[in-house]
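Work the whole structure out from these sequences, hints included.
Residue numbers (numbering that gives the first Met the number 0), protein chains in the order written: chain A, 0 to 378; chain B, 0 to 184; chain C, 0 to 529.
Straight-line C-alpha distance at most 25 Å; calculated BS3-like pairs for lysine-lysine:
hint: 1; chain 1: A; residue 1: Lys-26; chain 2: A; residue 2: Lys-39
hint: 2; chain 1: B; residue 1: Lys-80; chain 2: A; residue 2: Lys-342
hint: 3; chain 1: A; residue 1: Lys-265; chain 2: B; residue 2: Lys-80
hint: 4; chain 1: A; residue 1: Lys-68; chain 2: C; residue 2: Lys-344
Read the hints as simulated data drawn from the structure, not as lab findings. No experiment lies behind these values; they were computed from the predicted model shown.
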Amino acid sequence: MSIKGIKRWAAAGALFFWSFAAWAEYKLNLQTPHTSLGEKIYDLHSIITAICFVIFIGVFGFMFYAVFKHRKSVGHKAAQFHENTAVEVAWTLIPCVILIAMAVPATGTLITMRDTSEADLTIKATGYQWKWGYDYLKGEGSGISFYSMLSTPRAQIDGTDVAGRNANPNYLLETDNHLVVPVGKKIRILTTAADVIHAWYVPALAVKQDAVPGFIRDTWFKAEKPGIYRGQCAELCGKDHGFMPIVVEVMEPAAYTAWVGSQQKKIAAAKVDPNKSWTLDELKAHGEKVYAQNCVACHQATGMGVPGAFPALSGSKVVNGPKADQIKLLLAGKQGTAMASFKHLSDADLAGVITFTRNNWSNKTGEAVAPAEIKAARN
Amino acid sequence: MNSMKSERANRRMMTRLSIFAVAMFGFGFLLVPFYEKICEVTGVNNLIKPAAAVENTQIDKSRWVTLEFDSNAHGLEWDFKPVQRSVRVHPGEMIQIEYDVRNNSANAIVGQAIPSYGPKHAAPYVKKLECFCFKQQPLQAGEGKRMPVQFVIDSALPADVNTITLSYTFFEVKGAAMPKAGGQG
Amino acid sequence: MDAAHAQSHDHSHDDHGHKPSGIMRWVKSTNHKDIGTMYLWFSFCMFLVGGVMALIIRSELFQPGLQIVRPDFFNSMTTYHGLIMVFGAIMPAFVGFANWLIPMQIGAPDMAFPRMNNLSFWLLPPAALLLIAAQFMPGGGAGVGWTMYAPLSTQAGPAMDLTIFAVHTLGISSIMGSINIITTILNMRAPGLTLMKMPLFCWTWLITAYLLVAVMPVLAGAVTMTLTDRHFGTHFFNAAGGGDPVLYQHIFWFFGHPEVYIIAIPAFGVVSQVIPAFSRKPLFGYASMVYATASIAILSFMVWAHHMYTSGMPVEAQLYFMYATALIAVPTGVKVFNWVATMWKGSLTFETPMLFSLGFLFLFTLGGFTGLVLSITPVDVQLHDTYYVVAHFHYVMVAGALFSAFAGIYFWLPKWTGKMYNETLGKWHFWLSLVFFNVTFFVQHFLGLAGMPRRIPDYALQFAEFNMISSIGAFGFGLSQLLFLYIVIKCITSGEKAPDKPWEGADSLEWTHLPTPAPWHSFETPPVIK
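Have a look at this one:
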């Protein structure tokens, strides 16, 4: 393969670089960091990649020189040397020196990364299958607590609304409740999990920390600029691992204070909630939303489930049977199946979703389940 | 080459390697206590045993440490909350705080609390003298309890640590006898 | 293989010299060549099964949205793709090479324990069936990832039990195979063939076999603990009973990191045979190659937790694992430099085995460099569990192990079958594989850098273009392997007759002392090594 071979090599090389040029407009590096630690990591990655690239070019420069000049077809006769102590010692020691040069900045960055002391705000992030729960433990907003789950409409995911998906810049990276934090403050995130291991990962803030059930781990970030930063669960956690995003909203201090105020009002409002009297239609409408977020992935929008994997609700014996059994099932879950306990939902949410399932599709019980009944069943 | 002799050598080699493989299988299990030991020595997970002795009883008035308290109930219908969310203390001071727990389910349940610390390397410096996590906690349906934790922060705590989170997670102890669930978990 | 033109000196005592025929020749075979052949064909079948799973994954990821499979089935595909490729395809392929080549390269008549050899092969098909049967259990396959992290695995459906049983079976098979290889190499070398005169392929397998005997039992322990946690009320990995889920990760990676080298080191061995042969020049730095391989093996036991930087370790531990991991770059670098120095001032030709070896060298080094980037803890924390890691280990596993397996097959096919493969088609296979491999995996670096997590069935729109390119590449790569199957079958059925030594520079015993094709019984009288 003389001339023909060279042509092939050249063609492959051209293709390789063309592919760079053509896609250069797309993101080829880490996300733009928005914390000073993130910038350090970004630079560290760039430096190490550059060093590797230079060595790569050097080593394969030699190899390709040999490939072109020391080939049999150009009449090169093989030398018979097979060792050279000086060279071998050199190429053992030089990489050691390069590695030490890399380790120095890496060590500094790592120590900064792990220093979670003197945080202004402590927030606990709890991983659930498949959503995040946030509890503000210390600092302004302490006491706020909420769940955060994917808000991308199911229709965009399963392909019935492709146009909506294509028009949605935050497809799969949007949640109903954002984790709101103030700008310029050191935020310490404690991670834990309720079921299996999850990982809390926001690339632009340079944080990733596993959330291990039964234990807490900590990490931190300090956002430099207000904005919305998006990430995802990074540790395989079962079926909907790909569908539990993290959205961090960084606010100016004043806006943050206002947000804390509104949250605290909401907490106060939620307390009187159980006494509100709901009509069947109100419950059903509310329940439809709850269903779309919690149930649709398995039981499907049609209520038909997935044969062999997830049972149908439409026509189901439980849904059309006594109310108490269905309430119990939702509160306790069903051992050994994918049906988890949903007792973390509010009384109103559970009442709504049960009412919705009992009066939708082919189910026509005409019965409403009141939040008070859920409250009673819990005790 | 004497084939009988070589066959014997082969068998001896096989025996040795098999013993080695079995030993490595055992080694896998040995990693469990080994890991626990490491966690105990480094204090990463010094869990449900009281601290042996507090060596440094000197109170370091020059330093403040913030302690945060956190709680989780793992798949339990229990309300479990610290009475105080955080306290500021001097290392060496004896501190007592309390947790409230209430069993909201219709059944009696025995729970075991597992503590965890953030940051992890602060763990060996939190010397628990008394803790509800030292034993299983049986709760009748609807029963509530206030449970104390008593501890000292060792004054040898590294200077870079000034906030420690103490987090407890309650797990159900399945099959534990309800009336007098004794012993340590 | 059928053409047994037995040369006179191979039938010095013609006791059981005639091959049994029919299916029982294979079922009851104790012949290292037959068993090697079975290993290789088994591994190719598993390669196709795992490949189809990969293509299901890439089809789903062709576009955003859930089109083809459901998320739990997707998870099951990523899990079994990993398990089947690692335990079913790559490892058996190299055991196949070991069976065929080690006795011939050290001048031994067969493996040390021929009947155990038969058993270690025949454990594989049932294990493979268990892995496939797991897909049809209630609830589908266990979508827990090939790493089978607790507590996801302790909560998975009944498919997990089949998977655990399959891993046990595969482990026993590997351990028996390794015991056989170690004993053969240490006890059965021809007189005069000292360890430091052995072909490097034998050295790499000797080291690999020791690694296997040391770590496969540890994996067996880890999955046994998973099993007892699932069914017998133990709490190894359950915080509720005083266990710790992270303990599983420590035990798994204590096995898992050496496992990476179990896959890579025999690949180094194959390449170390092929490159000198086509450079017509002895291997540069033979002794340093041996020492480098041994250092890599030893270091591999000391770096396991670099897979767990985000699981929450003390900062001191993170620093130690970062330094130790980066250190592996030194012996690995020595090997790459030695291969390049072997080519330097050689008289190079570029037949298919050489092309695959050069592809190996180029792409494995690239994978090594991304490994170095990942060893740096702060950077790894950003890239851990993203597609960057997926790209990294496919450069090491596919471009590393698989390309070198292809190099080895093209290199020894004439010796095994007595016939030549079609050189033009072989070159086509190489170039198609090379191009499509890079189309598939190079872009995944960018996906990972931009923050796309692994093991997700659907992704945000900003990842769409690269995923589409990657999927196209994957189909190209998959189809190219059918060309490989065609080349091998064509070689066996209608290849031209191969000379005894088709490669001018080949110098190990199977080329210099045996006819082509290698007779069914070889070296019943050991050769004399000067």
